[in-house]
Amino acid sequence: MADVAMTMTPVRRAPLDGLAGDPRARWAVPMARFSLRLPEAAIGAASASLGLDLAGPINNVAEREGCAILRLGPDEWLVLANDADSAAIAAALDRGMPDRRFSLVDIGHRQTGIVLDGADAADMLSAGCPLDLDLAAFPVGMATRTIFAKAEIVLWRTAPTRFHIEVWGSFAPYVWALLKEIGREYPVMENTP
Amino acid sequence: MSEAFRLPDGGRVDRAQPLSFTFDGRRYGGLAGDTIASALLANGVHLVGRSFKYHRPRGIVSAGAEEPNALVGVGRDEAHYTPNLVATQISLYDGLSAVSQNRSPSLERDAGSINDRLWRFFPAGFYYKTFMWPRRAWTRVFEPRIRAMAGLGRAPKAPDAARYAQRYAHCDVLVIGAGPAGLASALAAAEAGARVIICDEQSELGGSLLAETEARIDGLAAQDWLAATLARLGAFDRVTVLPRTIAFGYFPHNMVGLAQDLTGYQGEPDDAAPRGRLWQVRAKQVVIAAGAIERPLVFPDNDRPGIMLADSARIYVERYAVKPGRRAVIFTAHDEAYRAALALHRAGVEIAAIADLRGAPEGAWIDAARAAGLPVRPATTISGTDGQLRVSAAHLAPIADGKVGRAERIECDLVLMSGGFTPSVHLFSQSRGKLRFDPALEAFVPGAPAEASLMAGASAGAQTLEATLATGYDAGDQAAGVSGTAQVRHFAVEAAPLSRGGFLGAVPHGRDPASVRAFVDFQNDVTAKDIKLALAEGFRSIEHVKRYTTTGMATDQGKTSNMNALGIVSETLGRPIPEIGTTTFRMPYTPVPFGYFAGYARGELFEPVRETPIHGWAAERGAVFEDVGQWKRARYFPEPGEDMRAAVARECRAVREAVGIFDASTLGKIEIVGPDAAEFLNRLYVNAWTKLKPGRLRYGVLLREDGFIVDDGVVGRIAEDRFHVTTTTGGAPRVLATMEDYLQTEWPDLNVWLTSTTEQWAVIAVQGPKARDVLAPLVEGADISAASMPHMSVAECRVAGVPARLFRVSFTGELGFEVNVPAEYGRAVWETIFAAGQPHGVVPYGTETMHVLRAEKGYIIVGQETDGTATPEDVGLGWAIGKAKPDFVGKRALARAGMAAQDDRKQLVGVLTEEPGFVLEEGAHLVADPAQKPPMTMLGHVTSSYWSAKLNRSIALAMVRSGRDRLGETLHVPLADRTVRVTLTEPVFYDPEGSRLDG
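Residue numbers (this note's numbering), protein chains in the order written: chain X, 1 to 193; chain V, 1 to 999.
Honestly, the hints are just simulated from the structure, not real lab data. There could be a bad hint or two in this list.
Straight-line C-alpha distance at most 20 Å; calculated DMTMM-like pairs for lysine to aspartate or glutamate [unchecked claim]:
#: 1; chain 1: X; residue 1: Lys180; chain 2: V; residue 2: Glu607
#: 2; chain 1: V; residue 1: Lys632; chain 2: X; residue 2: Glu152
#: 3; chain 1: X; residue 1: Lys150; chain 2: V; residue 2: Glu607
#: 4; chain 1: X; residue 1: Lys150; chain 2: V; residue 2: Asp627
#: 5; chain 1: V; residue 1: Lys157; chain 2: V; residue 2: Asp271
#: 6; chain 1: V; residue 1: Lys284; chain 2: X; residue 2: Asp132
Please model the entire structure based on the sequences and the hints provided.
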């Protein structure tokens, strides 16, 4: 029977498939995502396993090529990585933390990524996000869980005028449509990607 | 189009930009820079409205936000119509269409003015005293008539075509008001390097400087200094300047609400651009530089069109180049009116008299007026005025030895009044700052602040331009807080002499107090007599006087009336004002259209609509959806010609006889991981978890501390340290929050972590005797035969080529599986299963069928059978409790005598109607004796009720007192039109042995 299954190539369909959005907003490529939780005592072992320092301050992002780890709380990290590295990340932690005092949960399909890129990106987000997005208060490399109007998001500043938004799948069309609506107040410049 | 009262030069209006507008259908001309009010005055129009209660003709009183009378409806059509806009605040644009309010058929001939002739029958609180009999006439006659007569404006008849924007903002210093104090503040803060937002309600920044033609600041003419300062502020990139932006509310922790007009002032030419923007500004420091508001004088018939505030009249001359009349009588208790008289005199208005309440006014302004030959009459009052649609004369009477002498009638078309100035402390008071009465100023001024805020300029009691600038700069510097020591900055001000004076209360007039009306609150038609009546009737607290008379309760928030009302109360009761206190200032400072608050939350953006990955398939299939919280769930899938009952019957039959497929993706899911995961579940759920093996499922019941069921769901043990917990669709966020709460506050010692996975998994339920036949060919990595995968087990495998958690579980009573796959593969896997099910007669089914199927089996739904007062025993789930466990949430409550020993608790039972075709209403009550006189003794209520196609009869579940002891009893269900006989049964109607689960 299994041969029937083997012949199938499942189609992956993201929540924003086919929805028109603001020209400054684009849908991030599919990626591996994990929620990583562990006690303070295990930070060292986890950092060693993953090859990235998790001990940085809350709301900080540790990054290397193909992997970013966003510290969202004292014991919570959001791991974003190349889709292909998914199994390797889990295996590295299993290997490096034999006492299993951690929780790694695959949330690759729970949420989706939206990249907002443009000179008005911070202003557009300020239409729905109550945080201070001034570059001094929310510098590049800062990430936090927050809200965007009526949706919970994780907001990560990847460049002075670029943000990466993580949002649960069922809320993504709302965030997408709201950005489009807000975008009407901000003319798109010629050189905006 | 002739603007007969427009001055040939001066002012800040642009004569090169003539505009045309209509008021009540008549066409007028105006200029760019005008407000509706200034343009009307330029055309000699004072009459703009009818009053609230007496329908008295009313004119423009002021030039700003304090305007009580000039409320108009503006908009080219219903979709752009806004009622109750203040004509003194609305910038004129070409083609503007404004209408007056509260009159029928016209301003000049208003039927409601009968009220004015009958005014003696409408004293304060008249509605409390009259219309009491006959009782029934209130709802049918009196109230509808009163409502039709009263009120201001009308709601638009079409949905608002405008869009509204919103923005959060942060700054070091928010400066409210861009008059001299605000500008100096912003300048100081900007120079100190602070991030500054400065907002002002008017079309131009500058406040009082916009009408300042004499004073010089730092050697510059005031308006040149203004231009230089604005240019200076504009050069700071950390300064945001927001004109046409009113600070309407001061919220806790220095959050200030601003409403910015974006295209409303241009008449909303393009619906694609937002009309306005709501700003929610979080400021480290707030500087309130809101200025001061001139008070009217309370004299008989002080409300006729053509009677205005003196300084406002001066603003019309100086800023708008408009003569408010031809011949003016000025009535004052403050020097500022002399300044107004001089300005009007220069503009060519004849000053017939300056009546000063004060016996011997003196000072620079009085000297200047005398030098200009203006007729000053000290110790003089106005005892009345003449005129109907416009004032035509004032009666000036001398006061000597406290007595009012004989009045002299002086013809005029304009009366200007000035009772002095009230610092605008509205926002400071909204912030819960304490007010202090300054006896020298005879005004409430800001005392100790409650927020990080500073007051500056006239709103802090500054009396000269020099002091206004200095306090402004000082406040801005302090607010920026960089230097730590306030910088002293001196502004050299010339030609702006001190103005003094003021009067609170009702002026003496020497007439029979019962026969005159001297208005205190123009917008709510409250007179001095009304306030005295309230006091005579025993009201003492200013808050009670306010509510009884409604003084200060109109949309203008009593800006011009509160202090005079206090003055009357003080004088009548013989108690000083500080003892009487002041009323509460409420937001909004001026009305803000609702659209600002709705913002983007309209239409499809009103609320997030959560759709499952399979939603699109169901929608294409013609499913009827229902709202479950924010989720859309397919309720049933009607075939052509089917109603809900037919569709549900067909779907039920398919599941019972072949196989059905159901989207259960909305089910709440929580991944519980860590060495202490089982222990955590042991403490939380009633069930025992330690012995549950990986690969097995268990139905879990969650209680609150009080022992009542709060949620339920199937829990799968994926590994020793990993559980896949499901919750109800609606309960998911609450359960996760509850778990996190216990974990953080009660058991921080446990090494276990919780992650919401509701949206990680699409859940496809495949249910029915053919379920295995459909799925088996699609599964790899697991044997799903009955022998190796029994009921209540879980396998990690691949389904349709996708990694899956395959649950063998049933909420239908049939052989069933729930396929969990990563959400973005949900649709593809669903389509594959659906295709594979075709030979087996697979049918998609919705939540309605799911409800019927589970009710046939007596499975409860938390929130339907339970209502927050049901224990596991009550609903037949006592078996789930791990009896040997030392503790779990709710255990102690269940053991308490009141709960355990109570023998007449409501228990879950089945209900069968005597008439099989009759489906009971959910919520209906069950009684033993239908002949009992209401209120009957209610034994219980129906919680679920359906037509069961399988059983070919209706079925119902109910919670009934001692229900399990009553099985077989006949009870009665009284309904609106009949009473139905029912029999109580076991709650499991179908396959009570459960053999079908094991198929």
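Evaluated hints:
1. Lys180(X) x Glu607(V): Distance ~15 Å between Lys180(X) and Glu607(V) Cα, so the pair holds.
2. Lys632(V) x Glu152(X): The hint holds at about 19 Å.
3. Lys150(X) x Glu607(V): Status holds; Cα separation ~7 Å.
4. Lys150(X) x Asp627(V): This hinted pair holds, its Cα atoms lying about 17 Å apart.
5. Lys157(V) x Asp271(V): Holds, because 18 Å separates the two Cα atoms, which is no more than 20 Å.
6. Lys284(V) x Asp132(X): With Cα atoms ~12 Å apart, Lys284(V) and Asp132(X) stay inside 20 Å; holds.
Hint compliance for this structure: no hint is broken.
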